[in-house]
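Between the sequences and the hints, there should be enough to build the whole structure, so can you do that?
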Amino acid sequence: MVFNSVTFLIFISIFLPIYFLLRGNSRLVFTFLASYLFYGWWDWRFLGLIAFATCVDFFLGNSLEKEQDDKKRKWYIVFSMVLNLTLLSFFKYFNFFSDSFYQLFSSIGFDVSPLTLRIILPIGISFYTFQSMSYTIDIYRRDIHAEKNFLRFATFISFFPQLVAGPIVRARDFLPQFKNDHNLNPDRIILGFGQIVIGFFKKIVVADSLAPVVDQIFSSPANFTSFNLIIGVVFYSFQIYCDFSGYSDIAIGLARVLGFDFPRNFNLPYFSKSFREFWSRWHISLSSWLRDYLYIPLGGNRRGKLFTYRNLMLTMLIGGLWHGANWTFIFWGFLHGFYQIAERLTGPLYGKIVDFLRIPKFISDGILILTVYILTCVAWIYFRATSFADASTIINNILVLDNFNLSSLVNITWIGKGAFLISLLLIAEIISTKIDFADLMLKSPIFRVTSCTVIILSIALLGAFADSQFIYFQF
Amino acid sequence: MRKYIWIPVLFLVVFISDRVGGLLLNKLLLKSNFRYSKLYNDKAQSDILFIGNSRGLVFYKPFVDSAITSSSFNFSYNGLPLNLGKVLLFDYLKKYNKPKKIILEISMYGADKELTNNMKMFMDLSPGIDSLIKNVSPKTSNYCAVSHLYRYNGEVFERSMFYLNKSDDTWILQKKISQRAIDKIQNLKPVTLAYDDNYLENLTIISTYCKKNSIELILIINPYFPEYASNFKNLSTWISGIETASGYKVHDYSNAIKDQSFFADYYHLNKNGSKVFINLLYKDGIIN
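Protein chains in written order, with the working numbering: chain A, 1 to 475; chain B, 476 to 763.
Note that these hints are calculated values from the structure, not bench results.
Glycine included, every Cβ here is placed at the ideal spot set by N, Cα and C.
Mixed in with the good hints, there may be bad ones.
Stated by the list, open to error - Only pairs whose alpha carbons sit at most 20 Å apart, straight line, appear in this in silico EDC-like list of lysine to aspartate or glutamate:
1. K724/B - D759/B
2. K650/B - D402/A
3. K478/B - D215/A
4. K417/A - E589/B
5. K417/A - E633/B
6. K708/B - D671/B
7. K478/B - D187/A
8. K588/B - D215/A
9. K659/B - D402/A
10. K659/B - D390/A
11. K417/A - D643/B
12. K417/A - E630/B
Claimed, not checked - Heads up, incomplete: computed chain A residues facing chain B, CB under 7 Å, no partners named:
13. N185
14. A389
15. I412
16. P445
17. F447
18. I456
19. L457
Written out as structure tokens, the structure is:
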């Protein structure tokens, strides 16, 4: 079931009143069953996989809590990691590694037969696996206590608003919220509804309107001029942002209506002045997960510059691999690792140049924002392209700068609409840094009704209703 | 409960705004100089009608007007399929005096569901479009019943707003085909031209109507990029199939223009190419 479908509209219209009528355990059972129905609507066969991971991590979590012997605790956590990562690797990476080994051995003259299984990727596996892993790791570190109520734990893993595409919520933040019954709260409804409507606007209006141009250009990049390719890449950067942050907004808004608080997942990432800042604003729940469970355990920045660079690169490479089983994703991670290392090396020099030339702050900040954005777009090319050859074609053809005029554009109506929507989004985001819209929504009913009406009517008038999936479902 | 009163108010405001917005956009739509706005606003009476997909846009009105004294109206649109073209044509024939001639560019093969859905803003004005949308996409039809603003969601409406205060007669590709595209032509695989039963059925309905009402119908293939046209596998059988079904001769101009600079890409003449082509049609007596 996807949020942008009539099925979901029916589902949520039935779910909400029943949810608020129930209390205690019956509400928990109902939420759990509804979450499994939500997931099973896509493919019921994979419900067993979530149920299995849930049972194992629930059992291991409790064993970790009870066990005092450090050696045994280590075995438990290793078992949990191996099991979760094996499931993830099998479903997500089996064909990738099988193909890669086959190509490697073939290229050096060994005659091996390819081993290919038709494995379907269970939607959301990367999200719920990471969520589940953080739970057992936190218990191992004795940061949290194990959950004793199985139903509560199972609902934490399968909670439908964030099950398939995050945000990845930590047990320490989320599980305690299940302990209280959340009453219907007018303020939560206002803020949650507002965020859901904004999420739908980002997804249906912006992301899905940009999608046809992006799909057309990335499907055969060799056929397009430099100008079109640049537009295709810029549009993709906003398509993926609005698609994913739109989903996060809907998930966070839904959870808020139901009485839960999720952390923010995106915070104006394209206004970042450095890559370090970018990663504290983009997919925050994943980047903070990687920071806490990978980068810091690897040593973080505590063991000198060279180790810091190694740790950064490893974290970004694994971040790339998390997105998908393709070398282009790994290269995307490599580029972000490289950018962060280069930034640490050149940052002080840039500061000195700015001081020496007395460049005003808004100009130096503008240069940094633009540089980070352009380099992010270069990395997006590898993320979106289906092969390295396609990505190289795009970069080479952009650098040629041929036919750089308006008449060379593929579809000026689509492109004009896309440019208008991106401008609208950026203006709204800039204004949101100055005005607290949430506060206005709460305090002024006129603002609330007017703004929601404008957004809903804009969705009707400008939205693309093509039943499209969210991009991050594939990860 | 007072704290929740904004929810029914919001629904009411959204509903009223949607209906009022729909009415206003309808007025705006009919004011436009866009071809289909003119068609449904009684401003399209002409002697010659051109119908085609994007390849039909090369019947560039300023050049046609300078070549002949008769008035003309062009129904062509990017990706216009024949089933939708037929509905538009019959809407014209119901509203206006019969034309002297209809020139139909026959490469309108395919079923562009998206374009058909895009015509939803005319569903109140055209029972033909209404039933076509119900057929092609019942979901779109249902959405249109829920929201009237949704009817104006799409490229066709955006174009009609673009032409609100200016003529769309000058809509044509200006660019020249890129050297990269010319170089790539060597690697293209042979092209198979196609049609299906639905296409032939629609063509037969149009040709039967024209015969019955003494309207001259001309079936034509507009020029393709010369090296592309020579890549067709089945041009003659394709043409003979269409001639048999319609009972009309097909005027084949697919390879009529050899100068590469007259093309915007493999399928479309550019503005300069259009001028040469219109002159050729005039010389051959196709338009007069």
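Status of each hint after checking the structure:
1. K724/B - D759/B: With Cα atoms ~14 Å apart, K724/B and D759/B stay inside 20 Å; holds.
2. K650/B - D402/A: holds, 13 Å
3. K478/B - D215/A: Given pair K478/B, D215/A is violated - Cα atoms ~45 Å apart, limit 20 Å.
4. K417/A - E589/B: holds, 17 Å
5. K417/A - E633/B: With a Cα-Cα distance of about 9 Å, the restraint between K417/A and E633/B holds, given a limit of 20 Å.
6. K708/B - D671/B: It holds: about 17 Å lies between the C-alpha atoms, which stays within 20 Å.
7. K478/B - D187/A: holds, 9 Å
8. K588/B - D215/A: Distance ~18 Å between K588/B and D215/A Cα, so the pair holds.
9. K659/B - D402/A: Judged against 20 Å, a Cα distance of about 16 Å means the pair holds.
10. K659/B - D390/A: holds, 16 Å
11. K417/A - D643/B: holds, 19 Å
12. K417/A - E630/B: Holds, because 9 Å separates the two Cα atoms, which is no more than 20 Å.
13. N185: Violated - the Cβ of N185/A stays beyond 7 Å from chain B, reaching only about 9 Å at its closest.
14. A389: violated, 15 Å
15. I412: violated, 9 Å
16. P445: Where the cut-off is 7 Å and the nearest Cβ of chain B is about 5 Å from P445/A, the hint holds.
17. F447: This hint is violated: F447/A lies away from chain B, its Cβ roughly 11 Å from the closest one there, beyond 7 Å.
18. I456: The hint holds - I456/A has a Cβ within 7 Å of chain B, the shortest such distance being about 5 Å.
19. L457: holds, 6 Å
Of the hints listed earlier, those the structure fails to meet are numbers 3, 13, 14, 15 and 17, in rising order.
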